[in-house]
Amino acid sequence: MQVIKVNLPGREYEVTLGVGAFELLPRAIRGRRAFVVTDSNVSTIYGERLAALLDGASNHVEIVAPGESSKTIEQASKLWSAMQRFGLRRGDVVVAFGGGVVGDLAGFAASAYMRGVSYIQIPTTLVAQVDSSVGGKTAVNLPEGKNLIGAFHQPEAVLLDVGFLETLPERELKAGLAECVKYAMICAEPAPPLDNYALLTAYCVTAKARFVELDELDFGARMYLNFGHTFAHAIEKRFDYRRYNHGEAVAIGMALALHAGAKLGVTPTHVRDAGLKLLTDAGLDIALDFDPRELVPLMQSDKKNGAGTLKLVLLRDLGDPVVVPIAKLTGRPSGRVAPPPSKSVSHRRVICSALAGVRDFSAYTNLSDDIDATVRCISALVNSVGDGSAESATPDCGESGTTLRFLVPIAAALGRTARFTGHGRLLTRPIAPLLEALSSHGASCTLTDGALTVSGQLCGGTFELPGDVSSQFVSGLLLAAPLIGGATVRITSALQSASYVDVTIGVMREFGVEIRTIENGYIVPDSRYIAPQSLVQDLDWSQAAFFLAARALGCDVEVTGLREDSAQGDRAFAAIVENAARGGRLTAVEVDVSDIPDLVPPLAALFCFADGVTRLTNAGRLRLKESDRLASVTAAINALGGNAAIDGDTLVITGVTRLRGGAVNPHGDHRIAMMTAVLALRADGEVWLANPECVRKSYPDFWRDFNGGA
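For the sequence shown, the residue numbers in my numbering are 1 to 710.
Possibly wrong hints are sitting among the right ones.
[To be verified] Using C-beta positions, here's what the derived DEER-type ranges look like: (1) 199 <-> 67: 27 to 35 Å; (2) 708 <-> 2: 54 to 62 Å; (3) 48 <-> 27: 15 to 23 Å.
None of these hints come from the bench; they were simulated from the model.
Ideal placement from N, C-alpha and C gives every residue a C-beta, glycine not left out.
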């Protein structure tokens with residue numbers, strides 16, 4: 001016999017595997033009174049063996065009908081009444097002797113009776129042996145969906161007798177193989193041969209135990225075990241639990257998940273094909289003779305999903321699952337909308353305030369994940385200066401490139417050792433020219449092991465920087481210069497996104513630092529930051545552009561609070577749209593976006609519906625954003641039935657009247673998610689968006705505002 005332990009906080013239980021494990025039932029009961037739940041199929045085959053193991057005077061066997069029809073609250077109620085008549089007490093034990101339905105039903109009844117009595121699982125099907133008998137998930141179905149009423153109630157023990165499989169019908173064995181293939185797809189460890197059930201059950205139970213130990217209540221890693229199951233539960237419901245058994249539905253569900261992952265750009269095509277081959281090599285039927293779109297409303301009733309949102313387990317690779325929220329976009333903005341304060345201005349105001357001695361940043365709380373990152377990181381730097389701490393600061397910049405590029409030179413100017421970390425693509429985005437400039441003036445900068453470490457004391461003088469990589473390099477040095485007695489910053493190539501440097505200069509002026517513009521550069525005098533008495537609010541033109549695009553597409557929405565005199569270059573969006581819409585029709589444009597790269601997503605969404613061919617030129621730097629934004633903009637438009645292409649550093653969009661709909665993966669990029677919301681306004685079919693919450697990076701309330709305040 002093999003014993004696999006499931007270790008949970010404060011308790012553990014054993015899964016005993018092997019031919020003859022069933023014979024260990026008397027030892028597992030330990031002299032207690034037992035209430036056995038089984039079905040008529042199992043009772044017919046194994047009833048006599050069960051009776052021989054039990055003392056008939058002190059035990060009771062309750063027989064239910066086989067199949068999903070027994071997995072109801074009504075049947076659970078009948079069990080509770082039978083338990084009461086038998087006189088079951090909390091010191092007694094329930095035994096689930098059967099397949100997955102019996103295990104779920106008996107376990108749920110045990111979880112609720114007298115607020116919980118112990119139970120033992122004796123799984124008789126391959127599905128139950130490799131999956132449902134371990135982990136403590138118990139439930140019954142409702143007409144609205146599967147497993148909607150249940151509880152987490154771990155078994156006291158599991159007796160897994162592989163000998164039961166000898167009497168299992170071929171169809172039930174195939175159903176169990178579907179669950180085995182699931183583990184082969186989501187686990188890094190290779191699976192044993194699919195015809196060796198002893199090795200296969202041990203492999204699956206070991207994997208299941210590890211997932212349960214990591215995440216007993218199914219909020220994290222354990223959700224990976226649902227690979228294919230969201231589709232499967234909908235398939236079972238679609239055919240009233242009669243056409244497909246659970247394993248057959250899971251096999252089809254995994255195939256659909258592989259196709260969905262490939263369509264969303266989460267699952268590479270070679271991984272999709274490898275997964276499909278695993279299913280067919282196991283002899284599983286994954287052919288469809290129904291429209292999978294019929295499953296969507298049924299999937300939304302799954303207990304793990306919310307209104308309009310699905311949580312799908314997809315594969316990035318075999319052995320590398322990921323949970324991806326998918327939202328159906330139905331919103332249409334209306335009424336008055338005020339965008340959040342400018343992210344560009346807020347970053348700079350937070351930093352200047354901190355350097356002026358301000359420590360209360362409540363006015364900037366919850367504006368966006370990026371601003372939270374800047375507040376968190378500048379606080380870590382300024383609060384530790386001069387405190388005698390021997391440890392370096394460890395600022396976590398999240399995914400904010402602005403935070404990292406601004407605060408690295410400031411840490412060096414403060415003479416502070418700091419280990420900057422980040423997420424996503426942050427530390428792979430360009431920063432070398434800035435580090436070289438700092439290193440030539442006394443700072444030490446090392447980028448290794450997923451972190452950027454800065455130490456030493458930055459000195460003043462003349463700094464040289466290229467202007468065609470990122471204007472944030474220039475802004476970061478300008479912000480740091482007052483801390484080192486002033487400096488000169490010379491630009492060695494054409495400065496792109498110059499308007500963002502203008503924003504930096506304007507905010508520094510608000511805090512008492514006057515910067516002089518010279519040919520190919522700037523001079524920052526020896527000065528100090530002084531907090532102003534008040535600041536004029538400057539709302540975000542780049543965020544407003546998505547609502548202005550929606551308005552141009554016919555939405556009755558008014559954007560309020562924008563400053564026409566703002567230094568934000570993205571205010572150009574209004575003029576571009578006004579010029580393109582003269583004559584009552586939206587016509588194609590050619591726009592140099594080198595100074596307004598953040599406007600490319602809203603421009604692309606709007607001019608997707610313009611007459612003619614739009615060209616957004618000099619857009620090469622978009623490849624270096626949160627996603628390769630040239631590629632992700634193009635992919636999103638084409639996924640929904642539009643016509644976009646990349647020509648060198650130019651985005652070319654041929655206008656269409658309507659989109660067909662589809663699914664978009666924004667690759668974690670907030671602006672691609674917002675762009676998709678605009679595109680969906682003119683889609684005939686449903687539009688689904690992966691990871692909609694990525695908008696928190698810049699605009700946490702975007703969906704509320706875009707959905708008309710709902």
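Item to check | Numbered hints the structure breaks, given as an ascending list | outcome: Per hint list: zero violations.
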